[in-house]
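Taken in sequence, the protein lines are chains A and B.
Position 322, counted from 1, in the first sequence is what the numbering used here calls 768; the numbers after and before it change by one each time, with no gaps.
Position 115, counted from 1, in the second sequence is what the numbering used here calls 561; the numbers after and before it change by one each time, with no gaps.
FYI, nobody ran anything at the bench for these hints, they're computed from the structure.
Backbone N, C-alpha and C fix where the C-beta goes; we use that ideal spot for every residue, glycine too.
Treat the hints with care, since some could be wrong.
Lysine-lysine pairs mimicking DSBU-like chemistry, simulated, CA-CA at most 35 Å apart [as the list claims (entries may be wrong)]: (1) B/K569 <-> A/K682; (2) B/K569 <-> B/K602; (3) B/K724 <-> B/K786; (4) A/K525 <-> A/K682; (5) B/K725 <-> B/K685; (6) A/K485 <-> A/K679; (7) B/K603 <-> A/K599; (8) A/K569 <-> B/K685; (9) A/K580 <-> B/K525; (10) B/K679 <-> A/K685; (11) A/K599 <-> B/K509; (12) B/K599 <-> A/K546; (13) A/K599 <-> B/K470; (14) A/K682 <-> B/K602; (15) A/K603 <-> B/K770; (16) B/K602 <-> A/K585; (17) B/K476 <-> B/K725.
Each pair of labels, with its calculated beta carbon distance range [unchecked claim]: (18) B/R680 <-> A/K509: 45 to 55 Å; (19) A/T619 <-> B/D600: 29 to 39 Å; (20) B/D676 <-> A/T619: 51 to 61 Å; (21) A/K602 <-> B/G544: 45 to 55 Å.
Now the stretches of chain B that chain A is said to cover, found in silico as 3 or more residues with beta-carbon under 8 Å [said to hold, decoys possible]: (22) 549 to 558; (23) 619 to 633.
There are 2 protein chains.
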Amino acid sequence: MQVNKMEVTPWDVKGDLNYDKLMKEFGIQKLPLLPPEFKDNLMFRRNIIYAHRDFGRILDAIKNKIPFVVMTGLVPTGKFHIGHMAIAKQMIFYQKLGAKVYLCIADIEAYNARGQSLEDSRKIAENEYIKGFKALGLKNENCDLYFQSERSKDAKKANAYYRLQNLLAKHATFNEFRAVYGEITPGKMVSALIQASDMLHPMLPEFEGSVPVLVPVGVDQDPHLRLARDMAKRIKTHKFIQLSSTYNKFMPGLRGGKMSGSDPNSFIALSDSPADVKKKVNKYAFSGGRATVDEHRKLGGDPDVDVSYQWLKFLEVDDAKLNKVHDDYKNGKLLSGELKKIIIEKIVTAFKK
Amino acid sequence: MQVNKMEVTPWDVKGDLNYDKLMKEFGIQKLPLLPPEFKDNLMFRRNIIYAHRDFGRILDAIKNKIPFVVMTGLVPTGKFHIGHMAIAKQMIFYQKLGAKVYLCIADIEAYNARGQSLEDSRKIAENEYIKGFKALGLKNENCDLYFQSERSKDAKKANAYYRLQNLLAKHATFNEFRAVYGEITPGKMVSALIQASDMLHPMLPEFEGSVPVLVPVGVDQDPHLRLARDMAKRIKTHKFIQLSSTYNKFMPGLRGGKMSGSDPNSFIALSDSPADVKKKVNKYAFSGGRATVDEHRKLGGDPDVDVSYQWLKFLEVDDAKLNKVHDDYKNGKLLSGELKKIIIEKIVTAFKK
């Protein structure tokens, strides 16, 4: 595998990822010792969620049964796919722990940054993303699902959300927006502002009042968090509790490298049939196996580069089973085709729930 | 009087105003032949309102008794003063002709461009601007008065107004915003967007539907109109009727030159007592009179530079009376002190109605 210079920005992830280096660069911290309910979650247990900012106040809220919010935004373009699972499962995990979920469909961002109509965004959100979140277990109760273009059927809430977006504009410079988007346009700038309101507005009196808000993201999204945190510090119309965030590692693309929404052979979509899953995995999944069965039996495979195994870390709840697959694959007992069969089953099951 | 190079932008008016040149430069047109109800209005009759864009469809609406909207925005800073009267009286004039009035209190703009809190904007709007409009005759019926920070108590309307603001961002460049504001900041840019939504949103189905909208302005505000018109042409989510606008000349400041909200001796405020009015006019009003009474009686005064006379053009409804003042002043029959007494009475009466 070729090693490329790492470059992570919100608009692109290039090269191979060194998560320790990323953590240092963005000034975010390693997760503290977590209570047992977190260790029950494979993403925390396996260090897939590996860093944070101000996560302590979320842990306190859980411990003391104080209300808190977990929020995420989805740009409704393309398919809901296996790469979205990490965030979706986190939202569901926190919902079970008592969090109020804020799920934002970023149709203003899809329009302004990608030129997608609001109608298309609504269709894709309903047929892909919302369906996907529900398939994975998100409940309607204690969930505020909304579109950026139509925040609320309650006028007080709608006014408050957009008012916050408008007022935040005073509290950032063009250069700060450039740090989030690279090249900026008026549309992208406005998207960054509404996104900051998405993260901060749950704390307004019209919504949940002064509760801590957690935003779980991939590390590439941290600039959005930093901008929202900076604006929240400067604005005087409301005293915001500083945003909490956690950072998760990316699931690799099916053929290795980055998973990309615009390359359907880099992911498995919710809408892929079991036959599609089988075909895609067998045809495209980057293998850590040897050229021949004999060689594989003799020398063993490399689970660390094998995408099926990497995906299994996100899907196999049982540590013992996962370890057995790892060892069996490494010592040649498990063949690439057999490993693929395991992951195919796991994917089909995950998307059927 | 010193003649300065004319420079008119939305953020500054410098030098002496050559309205014909301005009209040419901004590509706006002379008013067409107007129906009798317009000739009854001293601002139209005296060419104070002197140019337009797409005013024809407003005239058609009036003629055919088709609904139309007249809208204006007020940045609620400082005092409501005599310089605001021209716009206020136009709004009231159109309201009487059947227009639905949209009166926007630009508190988002006051916050983002001038750092004024929403609370202060609300107080100033209520104690100065709204009071002033009502004193001059604006009726509550057929008037939608709103604050940018809280568009509506109807959620559908609130969502629609801010949605339009957000979507418009895709349809302009940073350079186009610079043309409106000179130096731009994220806050000013967002203000320009909400201002465009202010002008265009009456046409949305959640508001009045497809009706023509007239925005009466001073010629310095035309770049805002041009930006809104350009964005309206480009956006595809709604087919907007192109905005209509008229352009009025400025009332000069009390001491000559520009009236300025930050210089209380350049205007008469609604809150000035009759004694204040008398004192200010007598002390500051730039006079076209001669150095001595004898000289004035012999040589006559100059009404064209006399601020009291210039103001009288905005306040004396009766053409014969106005002409008599003009002639009497010019031939020395009317003294400066007497002219000042006339305008003092007119101002006190105008602000008492």
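Going through the hints against the structure:
This hinted pair checks out: B/K569 and A/K682 have alpha carbons roughly 18 Å apart, not beyond 35 Å. A threshold of 35 Å between alpha carbons decides the hint, and for B/K569 with B/K602 the separation of about 27 Å falls inside it, so the pair holds. Taken as a hint, the B/K724 and B/K786 pair is honoured in the structure, with Cα atoms around 8 Å apart against an allowance of 35 Å. Restraint check for A/K525 and A/K682: the C-alpha separation of about 40 Å exceeds 35 Å, so the hint is violated.
Proposed proximity of B/K725 and B/K685 is contradicted: the alpha carbons are some 53 Å apart, above 35 Å. Distance hint between A/K485 and A/K679 is fulfilled; the C-alpha atoms sit about 33 Å from each other, no more than 35 Å. Of the supplied pair hints, the one linking B/K603 and A/K599 holds, its CA atoms being roughly 10 Å apart against a limit of 35 Å. Our distance criterion of 35 Å between C-alpha atoms is met by A/K569 and B/K685, whose separation comes to about 22 Å.
At most 35 Å may separate the alpha-carbon atoms for a hinted pair to count; A/K580 and B/K525 exceed this at roughly 55 Å. The suggested pairing of B/K679 with A/K685 is violated, with an alpha-carbon distance near 40 Å, which exceeds 35 Å. At roughly 39 Å between alpha-carbon atoms, A/K599 and B/K509 are farther apart than 35 Å, so this suggested pair is violated. With a CA separation close to 26 Å, the supplied pair B/K599 and A/K546 stays within the 35 Å bound.
Between A/K599 and B/K470 the CA atoms are separated by roughly 47 Å; this puts the pair beyond 35 Å, and the hint is violated. As the CA atoms of A/K682 and B/K602 are separated by approximately 28 Å, the hinted pair is consistent with the 35 Å bound. Proposed proximity of A/K603 and B/K770 is contradicted: the alpha carbons are some 59 Å apart, above 35 Å. Between the alpha carbons of B/K602 and A/K585 the distance comes to roughly 26 Å, so the proposed pair stays at or under 35 Å and holds.
Pair hint B/K476 plus B/K725 does not hold up; C-alpha atoms about 39 Å apart against a cutoff of 35 Å. A hinted range of 45 to 55 Å holds for the C-beta pair B/R680 and A/K509, which are about 52 Å apart. Checked against the hint of 29 to 39 Å, the pair A/T619 and B/D600 passes, with Cβ atoms roughly 35 Å apart. Look at B/D676 against A/T619: about 26 Å separates their beta carbons, and that is not inside 51 to 61 Å.
Distance hint check for A/K602 and B/G544: the Cβ-Cβ separation is about 33 Å, which falls outside the suggested range of 45 to 55 Å. Counting residues of the segment 549 to 558 of chain B whose CB falls under 8 Å from any CB of chain A gives 3; the rule of at least 3 is met. Under a criterion of three residues with beta carbons nearer than 8 Å to beta carbons of chain A, the stated coverage of the segment 619 to 633 of chain B is upheld, 6 such residues being counted.
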